[in-house]
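**Q** These protein sequence lines map, in sequence, to chains Z and A. In this text, residue positions in the first sequence follow the numbering used here: the first is 47, and each later residue adds one. In this text, residue positions in the second sequence follow the numbering used here: the first is 326, and each later residue adds one.
Just the calculated beta-carbon pair ranges, DEER-fashion:
#	chain 1	residue 1	chain 2	residue 2	range
1	A	Ser422	Z	Asn225	29 to 35 Å
2	A	Ala418	Z	Asp324	29 to 35 Å
3	Z	Tyr248	A	Glu527	18 to 24 Å
4	A	Val892	Z	Tyr248	32 to 38 Å
5	A	Asp383	Z	Asp324	44 to 50 Å
6	Z	Tyr270	A	Asp383	44 to 50 Å
Residues from chain A shown here face chain Z by an in silico Cβ test under 8 Å; the list is partial:
#	residue
7	Phe403
8	Asp405
9	Phe406
10	Leu408
11	Cys523
12	Trp604
13	Pro739
Since the hints were made in silico from the structure, they are not lab data. We put the CB at the ideal spot given by N, CA and C, even for glycine.
So you can see what is in the structure, the chains are spelled out below.
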Amino acid sequence: MSVPLEHDYIGLSEAPPSMEGSERTSGGLNHKATELRLGLPGSDSPERDKGVVAEDKAGYPLGVLKSLSVVSGAKRGFSDAIDGGSGKWVFSGSGGSEAESGKGGNLFSPRGVNGGGKGGLVGGSEGANQNTGLGGPILKDGVVPQSPKPSQEKKPQLSAPAAKAQVVGWPPIRSYRKNSMASHPPKNEDDTEGKLGSGCLYVKVSMDGAPYLRKVDLKTYGSYRELSSALEKMFSCFTIGQCGSHGVPSRDGLSESRLMDLLHGSEYVLTYEDKDGDWMLVGDVPWEMFTDSCKRMRIMKSSEAIGLAPRAMEKCKNRH
Amino acid sequence: MQRMACSFPDEVLEHVFSFVQCDNDRNAISTVCKSWYKIERWSRRRVFVGNCYAISPDMVIRRFPDVRSIELKGKPHFADFNLVPDGWGGYVAPWISAMAAAYPWLEEIRLKRMVITDENLELISKSFKNFKVLVLSSCEGFSTDGLAAIAANCRSYLHCRNLRELDLRESEVEDLSGHWLKHFPDDYTSLVSLNIACLGCEVSFSALERLVGRCPNLRTLRLNRAVPLDKLANLLRRAPQLVELGTGAYSSELRPDVFSNLSGAFSGCKELKSLSGFWDVVPGYLPAVYPICCRLTTLNLSYATIQSPDLIKLVGQCQNLQRLWVLDYIEDAGLDAVAASCKDLRELRVFPSDPYGPEPNVPLTEQGLVSISEGCSKLQSVLYFCRQMSNAALMTIARNRPNMTRFRLCIIEPGTPDYLTLQPLDVGFGAIVEHCKDLQRLSLSGLLTDLVFEYIGTYAKKLEMLSVAFAGESDLGLHHVLSGCEKLRKLEIRDCPFGDKALLANAAKLETMRSLWMSSCSVTFGACKLLGQKMPRLNVEVIDERGTPDSRPESCPIDKLYIYRTVAGSRFDMPGFVWTIDEDSAMRLS
Numbered sequence: 047m048s049v050p051l052e053h054d055y056i057g058l059s060e061a062p063p064s065m066e067g068s069e070r071t072s073g074g075l076n077h078k079a080t081e082l083r084l085g086l087p088g089s090d091s092p093e094r095d096k097g098v099v100a101e102d103k104a105g106y107p108l109g110v111l112k113s114l115s116v117v118s119g120a121k122r123g124f125s126d127a128i129d130g131g132s133g134k135w136v137f138s139g140s141g142g143s144e145a146e147s148g149k150g151g152n153l154f155s156p157r158g159v160n161g162g163g164k165g166g167l168v169g170g171s172e173g174a175n176q177n178t179g180l181g182g183p184i185l186k187d188g189v190v191p192q193s194p195k196p197s198q199e200k201k202p203q204l205s206a207p208a209a210k211a212q213v214v215g216w217p218p219i220r221s222y223r224k225n226s227m228a229s230h231p232p233k234n235e236d237d238t239e240g241k242l243g244s245g246c247l248y249v250k251v252s253m254d255g256a257p258y259l260r261k262v263d264l265k266t267y268g269s270y271r272e273l274s275s276a277l278e279k280m281f282s283c284f285t286i287g288q289c290g291s292h293g294v295p296s297r298d299g300l301s302e303s304r305l306m307d308l309l310h311g312s313e314y315v316l317t318y319e320d321k322d323g324d325w326m327l328v329g330d331v332p333w334e335m336f337t338d339s340c341k342r343m344r345i346m347k348s349s350e351a352i353g354l355a356p357r358a359m360e361k362c363k364n365r366h
Numbered sequence: 326m327q328r329m330a331c332s333f334p335d336e337v338l339e340h341v342f343s344f345v346q347c348d349n350d351r352n353a354i355s356t357v358c359k360s361w362y363k364i365e366r367w368s369r370r371r372v373f374v375g376n377c378y379a380i381s382p383d384m385v386i387r388r389f390p391d392v393r394s395i396e397l398k399g400k401p402h403f404a405d406f407n408l409v410p411d412g413w414g415g416y417v418a419p420w421i422s423a424m425a426a427a428y429p430w431l432e433e434i435r436l437k438r439m440v441i442t443d444e445n446l447e448l449i450s451k452s453f454k455n456f457k458v459l460v461l462s463s464c465e466g467f468s469t470d471g472l473a474a475i476a477a478n479c480r481s482y483l484h485c486r487n488l489r490e491l492d493l494r495e496s497e498v499e500d501l502s503g504h505w506l507k508h509f510p511d512d513y514t515s516l517v518s519l520n521i522a523c524l525g526c527e528v529s530f531s532a533l534e535r536l537v538g539r540c541p542n543l544r545t546l547r548l549n550r551a552v553p554l555d556k557l558a559n560l561l562r563r564a565p566q567l568v569e570l571g572t573g574a575y576s577s578e579l580r581p582d583v584f585s586n587l588s589g590a591f592s593g594c595k596e597l598k599s600l601s602g603f604w605d606v607v608p609g610y611l612p613a614v615y616p617i618c619c620r621l622t623t624l625n626l627s628y629a630t631i632q633s634p635d636l637i638k639l640v641g642q643c644q645n646l647q648r649l650w651v652l653d654y655i656e657d658a659g660l661d662a663v664a665a666s667c668k669d670l671r672e673l674r675v676f677p678s679d680p681y682g683p684e685p686n687v688p689l690t691e692q693g694l695v696s697i698s699e700g701c702s703k704l705q706s707v708l709y710f711c712r713q714m715s716n717a718a719l720m721t722i723a724r725n726r727p728n729m730t731r732f733r734l735c736i737i738e739p740g741t742p743d744y745l746t747l748q749p750l751d752v753g754f755g756a757i758v759e760h761c762k763d764l765q766r767l768s769l770s771g772l773l774t775d776l777v778f779e780y781i782g783t784y785a786k787k788l789e790m791l792s793v794a795f796a797g798e799s800d801l802g803l804h805h806v807l808s809g810c811e812k813l814r815k816l817e818i819r820d821c822p823f824g825d826k827a828l829l830a831n832a833a834k835l836e837t838m839r840s841l842w843m844s845s846c847s848v849t850f851g852a853c854k855l856l857g858q859k860m861p862r863l864n865v866e867v868i869d870e871r872g873t874p875d876s877r878p879e880s881c882p883i884d885k886l887y888i889y890r891t892v893a894g895s896r897f898d899m900p901g902f903v904w905t906i907d908e909d910s911a912m913r914l915s
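Construct the entire structure; sequences and hints are all you get.
**A** See the structure below:
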């Protein structure tokens, strides 16, 4: 699916791929069009066929990404925003329920455009209030502020499969920065949630025999099933005897069901190292407890995993 | 002309060339004539390779046989934000092996975004007779065992090796134990710079104290969070000559004796110009640094979760501050205070304290940045995270600060328009590129149409690096940038509706750039194949974890695209999720 061309800009709809000069006539870069118009906001440039704000992007290729569920669930948010409502470039939440999701959950707050009114967009309604301080909590000494939203759950509110409407790598903040804000909760005892909405929890996953390890963000999954299905997809190219030295899958690849057989059968088990440094079987403790204590994961051969299960159960009992 | 060139003996020319350090100038020298080329290549001591896959180690070694300092960069910048899957590449191993054999006198290795293993570190520690400097910036793949090898071999009696700098800047290190520090021999005294701020584990503190105490030339010490505050004073007293200090956790029970000890220790550091660290700050201990504030030129408070009043009190005393990194807790009011006190400010970075919260949590808006632009006439470099912006503010900033060279604005919610007019921010950014004629680096955010790219293509003639996210409407936007920005070297784009047309129309431009990254755009595999076939000096890497692109229709957009110029051909270490196309016009897996 290609981008619908609203303009007939020369050189792009024609064949020859050469570097274009700037002296073009219709629709291209002429001085009038490029002249900076520092006039009243909202005045349209004469060359433009459409308004400054993008309208009518029904053919927008990101709709295609709706079908992809693997890497980032955030794309659902985009396509929903495009398909629903006025078509303005507002990334409204992908469903009303996001309004109440907890810290770190929803990047896209549900502020859809309401006919272009003042309350429409992020910051629009806040703007008037900026100088008088916000409705958010006042900071105490060294205390990290919490989200004003009532829900404190880390578990996402969305239904399966894609967990959170959060965009990978946005805002562009380095993980060490996010981790350092998250790993030391504020000293306020009232704050039961503890985390500074870090929004992600990357742990390394290694697989015996695979040439390199992967990282997964545990916060993007809401359950063991989601996690295991994601891992299956991620590691499906690594199979004993089917990969070259660079982990290249054979042409036929490994089907997901085959890998599931491998994982659920006797070949491999999924284990994790917890905060105490012990290796446990994944799946024995409640999901939240797992995400809280998991430091890293390893897909290991069943033969090596003997003896893990009893310890996990014991530990679980000791904790309760 | 030839005559004149031959009239100087080689030694004289070499001596003259030794005053020319800049790479571009040396490259120019080497094109004058064969004899100058020869002399220059034998005398080049420092090499910078901006993309480790653009050239092979052997080619570098063949051209420059006697290099003493090398800098290599690996992964694309967006790897910092987890957009590049693990295993993509950037392995330094082949470089280390080649250089261990060819450059026995190598003194300095600087790596950025590369994968380095403990074995590589061990090889480094043993191979270079006069090794002095190791800087690993945003690297990964190694553990504290590798550091132990570096420490153990930092000094050599057989050769004249004396390590000066070990800087682990923001690298990801597997913390196996803090004992690695003990491997520095007792008679090792030449440490000048140590940066271990990124390490998670506790290092052996007594070993650290002894090390600091016996190195009289130590000028940079960046501790990690695990070093407690009550130990800091002792360290400082052993190294009063420090110029740059990164504290550990800056928290402790408020005790007058600890405070006065610390304050006294800081006062004793007359050369201290740069402070960082400040994790877990207890505001009561901040006044301990007041005595040295007037000398500070760099202050990194980007981990300090303290409020605006405390920040204002601190920063208000730093009249000579040139670089300030801070969290948005500083608020607009704090930035007003900075604008009033820090007249020498060159660089400001404001990071978000709660980037994922749906609501703004602090009163930090565009106004703070406007104040800074008004009050700080030397301001050149900005990185600013905020939640609202207006075209008017951007225009004011642009007019105030035409000397700006780096402007990176991140409005946290994608697609946010001008909050006053609800219009796109095209004209605001347009004003930035129009007024700031020397702008080298720009990051865009907010609601943006193709118009902003038209402005950029027209005005941003010195722009070298552009980062774009959630912007634009059509290929015209990308075309404006590729056809207009003459100095463009790095372009990184995510989640924009740019497809094949602009890319193919500007294929030749790509060879004049270091690299282009496009993810979650609308580029098809067909276009990538075409580009790969037609442009042999480009590596066109399709990164897609969904399986082979051939299994989807050719019109289906690919996930990620990384294109870079190279004289080394396709690389040999591509993982299973990277596809590349060579001129055999057959799809080739690694």
